[in-house]
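A.B. asks: Taking the hints into account, I'd like the entire structure generated from these sequences.
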Amino acid sequence: MPQFDFLVIGSGIAGLSYAAKLARHFESIRQTVSIAVITKVQADETNTKYAQGGIAVVWGESDTFEKHINDTMDAGDGINKKSIVEIVVKEAPERIQELIDYGTRFDRESGGEYDLAKEGGHSDHRILHFKDVTGAEIERALLEEVLRHQNIEVFTHYYAVELITQHHLGETVYRYRDDIKCFGAYVLNRRTGEVEKFLAKTTLLATGGIGNIYQSTTNPTIATGDGIAMAYRAKGVCDNMEFIQFHPTSLYQPGQKPSFLISEAVRGFGGILKHADGSTFMENYDTRLSLAPRDIVARAIDSEMKKNGVNHVFLDVRHLDYDKFLEHFPNITQYCLELGIDVRKDMIPVVPAQHYMCGGIRVDEWGKTNINFLYAVGECACTGLHGANRLASNSLLEAVVFGHRAYESAVAGFDKAVLPDNLPEWDDSGTTHPEENVLVTEMTRELNSIMSNYVGIVRTDRRMKRAYDRLELLHKEHEELYKESKISVAICELRNMINVSYLVIRMAMARRENIGLHYNADHVK
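Counting from 1, position 174 in the sequence shown corresponds to residue 173 in numbering that gives the first Met the number 0; the numbering is continuous, with no gaps.
Across the chosen pairs, the derived CB separations fall in these ranges: (1) Glu512 <-> Val309: 27 to 35 Å; (2) Glu337 <-> Asp285: 27 to 35 Å; (3) Ser61 <-> Trp425: 50 to 58 Å; (4) Leu480 <-> Lys81: 42 to 50 Å; (5) Gln30 <-> Glu512: 45 to 53 Å; (6) Asn452 <-> Gln30: 51 to 59 Å; (7) Gln149 <-> Leu418: 17 to 25 Å; (8) Leu418 <-> Arg176: 14 to 22 Å; (9) Tyr334 <-> Val457: 27 to 35 Å; (10) Lys475 <-> Glu512: 27 to 35 Å; (11) Arg232 <-> Glu108: 44 to 52 Å; (12) Glu445 <-> Ser61: 45 to 53 Å.
Hints listed in this document are in silico derivations from the structure and should not be mistaken for laboratory results. Each residue gets a CB set at the ideal place from its N, CA and C atoms; glycine is no exception.
C.D. replies: Next comes the structure, spelled out in structure tokens:
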């Protein structure tokens, strides 16, 4: 029975930065602690790894905190928590410097200064980046830092199934109760097929997004809303789940999952959205043209596709300096070329795809959930930073800032956590290995269809009611399968995706105004 002082579920920028800081702190005071990081596949397969564009920070002389704060509030349609926006923006330079100190490389200009890019919704150049693989570079540096510490143990191919609370002691746990406690998690060892009890005094959820509830997403296949669903079932509070960000420009490749992302930075570099005949259209939607915030651009593309009966639009970079473009976007250039798209003479076919969850598990300014000794950081958390829509390149920033703040809070409360000695082992008596795996595949396909067709970029009351009714039937069918089956990743992931889809639908139905990423055609004034 593994028992730890700190359990970290997820190995992206949020989880790794938190774990690294814990390790350094306790090493500095010569106190022995145990830190476990679990990840359901290999350690570097995270949403962080797939972040192309960069990380936003006030770094240049012309930029100011006030400008970054205003840009973030504007993108979020003003329903962001301004106090949180101020915290993140003002603490950003110190957190970014720490990433650099860990060994993260960011692109520099010929004179040695950092090359600061500008993306949609930003009023100044403030995006630090490494080619078009910024997330992968940050992941590399953080993973190397984590592996230097002997008090951190990384468990790969371990899948968190359920959080452990008083419920597992036979106590009834009610939502909104303020004395719920988390004692770790039940975790499936994917190599043995056995569910193990990982006890921990403090647990951090850093499980990423929910992209795979949709047919088309830029998220990796591991993004199935696990942390949000586990927290919700443990009576954690979730907020703003209706605000699903669709990236305007994923590469058009029908059936490809995940969708290949054509970074926001490409439009920041000068790429222009066009139709097949070369005509532009963004002037009909926003004065910022192709550099408008993502929600506006995604709806504009969706509208143009429906209006013209086409499956995609184009992003034109043919007018740009090819050598400089190649230097900034080598991965995108090469990927397109392998598909026969030469960006020097061909426009890039693009289509919106689900990209980011702006809501999640409600946390305070320290990353604390309403469940004691449970933190949530990164995309699975709702801090209030993003409001109704995330400003480009603020997500990696939020993760590293709140990873630090969660670390500070966890250290301060370390001596208060006590583990009961009678927590039960996982009980799967009476269950069998399911023979009908095809049911999981078909139910997943049905769920994707429900969410993509009825709860996508543009919604209506009727579509959402239909989605809710169909999801309810799917939920009942899956719960029967779950209760009679031995635990498997596929069954658990589907359960989690159904849970988070329910939250998305219910909160979207409750939202009676069009704001940010939530757009209901029945409520247009």
